[in-house]
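From first to last, the protein sequence lines are chains A and B.
Note that my numbering gives residue 915 to position 49 of the first sequence, counting from 1, and the numbers run on in steps of one.
Note that my numbering gives residue 1104 to position 238 of the second sequence, counting from 1, and the numbers run on in steps of one.
Simulated from the structure, these hints should not be mistaken for lab results.
Check each hint, because a few of them may be wrong.
Identical copies go unnamed one by one, so any copy, or any two together, can satisfy a pair.
To be verified - Cut-off 27 angstroms, straight-line C-alpha distance, at most; resulting in silico cross-link-like pairs (DSSO-like, lysine-lysine): (1) K1061 <-> K1162; (2) K1157 <-> K1218; (3) K1162 <-> K1118; (4) K1187 <-> K1157; (5) K1187 <-> K905; (6) K1061 <-> K905.
Protein chains: 2
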Amino acid sequence: MSTHADQRNGPAEDRIGSYPRVVIVGAGFGGLRVAKDLKGAPVDITLIDRRNHHLFQPLLYQVATAGLSPADIAVPIRSVLRGQKNIRVLMDEVVGVDTQRQVVRTRAREIPYDDLIVAVGSEPSYFGHDEWARLSPNLKTVEDATAIRSQILEAFERAEAAEDEAPRRRLMTFVLVGGGPTGIEMAGAIAELAKRALARDFHAIDPRSARIILIEAGPRLLAGFPESLSRYAHRALGRMGVEVRCDLPVEKIDGDGVTAGGERIEAASVIWCAGVRARAAAAWLGAEADKAGRVKVGPDLSLPGYPDVFVIGDAAGALTKKGEPLPGLATVAKQQGAFVARLIRRRLRGDKRRMRFRYRNYGELATIGRSHAVADFGWIRVTGWLGWFVWSFVHIYFLIDFRSRLMVFVNWAWAYASFGRGARLITGG
Amino acid sequence: MSTHADQRNGPAEDRIGSYPRVVIVGAGFGGLRVAKDLKGAPVDITLIDRRNHHLFQPLLYQVATAGLSPADIAVPIRSVLRGQKNIRVLMDEVVGVDTQRQVVRTRAREIPYDDLIVAVGSEPSYFGHDEWARLSPNLKTVEDATAIRSQILEAFERAEAAEDEAPRRRLMTFVLVGGGPTGIEMAGAIAELAKRALARDFHAIDPRSARIILIEAGPRLLAGFPESLSRYAHRALGRMGVEVRCDLPVEKIDGDGVTAGGERIEAASVIWCAGVRARAAAAWLGAEADKAGRVKVGPDLSLPGYPDVFVIGDAAGALTKKGEPLPGLATVAKQQGAFVARLIRRRLRGDKRRMRFRYRNYGELATIGRSHAVADFGWIRVTGWLGWFVWSFVHIYFLIDFRSRLMVFVNWAWAYASFGRGARLITGG
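Modelling step: build the complete structure from the supplied sequences, incorporating the hints.
Spelled out as structure tokens, the structure:
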């Protein structure tokens, strides 16, 4: 693999040559895993991402609620892959794929591939109401998180300055749409922010009187978890002062609030934590997709008819043994990335046997707030302080580098001791 | 002072009443010091700022060069003043002052005062070339810093993707305009970023070959420091690979570079570290200003003819004993803030004797990079590793709260050990 080191500083094109060209689109959990697991393999990898950083999305809600800074959970893709000589990282935006000519098209160039891994992830879905996107922000990027942070903090500032009770109440009402992990994490974190971190900082208002309402269209929170954990989360949120409302499908969102299940809630902040859909991958590939936009893939995660094109992670419509779609979790994407890397390594050795991806469910976690979380490991379910401890440990452990672990740990230790939130900045617009 | 606690949650207006009303505009170093030094005094203080945070500007260049996160050096004004009952913090934008009716006008309201402290600071000045602002960003706010950070990091990304040598060279050339403390700090930090943190992260380019050019219109760097320290800074920057060019007044800035002293330098990034001017205070007050926009004030920092209106910090044109304007330093603003608080306390006791502000120069510091700084304490001058140690200690010490100190310390310790820069995020636009 020394050819790469030798050609350092030469024109970029030189490097692509003798080895099979592996192109990975997207440096999320799945794409990054493929890249890392191909370390040392006789391939020329190009990893393309629109952003310069890999984002640890499971903690993004803590950026949105002023607990962490973006740089604590976002790591430059280049520095993650620094030691790996067979890879080239490109910050560029893919606009299409030509599966016949085997090239990926970005805005400025075409990049040929022998193997293609599409790991572009998902984006928020407003279920056909794209006009809500403007009124109800979602949480997908660093910019989304800092914008929501500014919106929440500014609501309290404007409430403090307001002269009348009605606008003040409206400003101090926060609606979270969607009772999945993101919704309950956001609801718990906003409750802690209002009732603890901000509690003594205002004069005209009492932030502890803020209303935090979590609405869910279905009959229970955390639909993907066992019912006992849903009930625990519901009770725990209630004790934190969050109003949990199930069976309340959203009908309308406007600038002043939300209408759900026939009920009107006046709220200056309506935050979208509901559905996601796969990004544009199916259209690029001219492939069949399920109704959430996930590309239908074969048992080895390749595109039917294209054994050298793989789709993994949230963009893939891979199925469980029971025929249900796999959940959009980091662990699914990582296992799929590891699988594809293994498959490519086998083929490089001339082994053409068929492989079949099997998801191993190691468990699922969601936190509600200080000392409250739920963990479902299948063979055991954990809640309360122990669940929270497990949740904290697992999240620190899975952070991508030492610096992130250090920063998140220091932030959490400080927040645990002080009940404070350290990143209370209103920035932008 | 218990009246404030009692009126918590009542309408904001109730609180202003029996005590003299002190209005402070701006929560920088000066305004915040007045507020804190009036703790417990029988006054009703309103502190108004456009932002929700106090920013520790001396370390802002480290945000712009990916060393620190914004939240490490920006603290919510409310939480700084949490324990203080005689103060109300208002996030609002002042648009004028009526000195006859004694009211401060914001966009939405009028706020009456008995004593007014104007501490609005300074803003970048392009010396009559406001059209350069768009082409050459400056460093004054958190948003400025993250925008410059994105610009620098994106230049390397685009250079990596560039196919031709000319645009690649242009992208990897960084010009800093202005050889004051900000200019040398930025130049040193960009050099460390390129030559250390990014060095091994690219394939097509070698970041160590980046050109960092510091241009200064005058004959030497750090004009406010003794000549021996200017020479030291010049040499230290040279050793770090920064090209220092004095006697090079900027004539033109465009999208492709800069022309200075008749010489053309092609550069994608031209960062403005040159002049500042006072903010709009003089116009609001209908007051006389010097050519940098600073309001002319009397020996007690009050506006001539208005003994209850004070101007402090960068917005004030206070003079040294020799008749020279005081430098725009945090320490000047803080000493002036303490002075005005003392004066107001005296008057509250019925003591009408005249007071005269005197600046005590405890020293001045500037850092060039890892293990290089200059410190001038008048009686002793320190450079090199010792200067850098003093610089680091002083900056941690003067940070506004424990959390900032902890975060900056942890970041610096990590960076010192790893040579890394932890906040390498390209965000926004």
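Legend entry - Status of K1118 relative to K1162 across identical chains (alpha carbons, at most 27 angstroms): neither (32 angstroms within a copy, 57 angstroms between copies)
Legend entry - Status of K1157 relative to K1187 across identical chains (alpha carbons, at most 27 angstroms): The answer is within: 19 angstroms in one copy meets 27 angstroms, while 77 angstroms across copies does not.
Inset, instruction - Check K1061 against K1162 for me: Cα-Cα at most 27 angstroms, and say if that holds within a copy, between copies, both or neither. - result: Neither: 46 angstroms inside a chain and 46 angstroms across chains, both beyond 27 angstroms.
Inset, instruction - Check K1187 against K905 for me: Cα-Cα at most 27 angstroms, and say if that holds within a copy, between copies, both or neither. - result: neither (31 angstroms within a copy, 67 angstroms between copies)
Legend entry - Alpha-carbon proximity context of K1061 and K905, limit 27 angstroms: Cα proximity of K1061 and K905: across copies only (25 angstroms, versus 48 angstroms in one copy).
Legend entry - Intra- versus inter-copy proximity for K1218 and K1157 (alpha-carbon distance at most 27 angstroms): Neither: 32 angstroms inside a chain and 79 angstroms across chains, both beyond 27 angstroms.
Of the numbered hints given earlier, the model fails hints 1, 2, 3, 5; all others are met.
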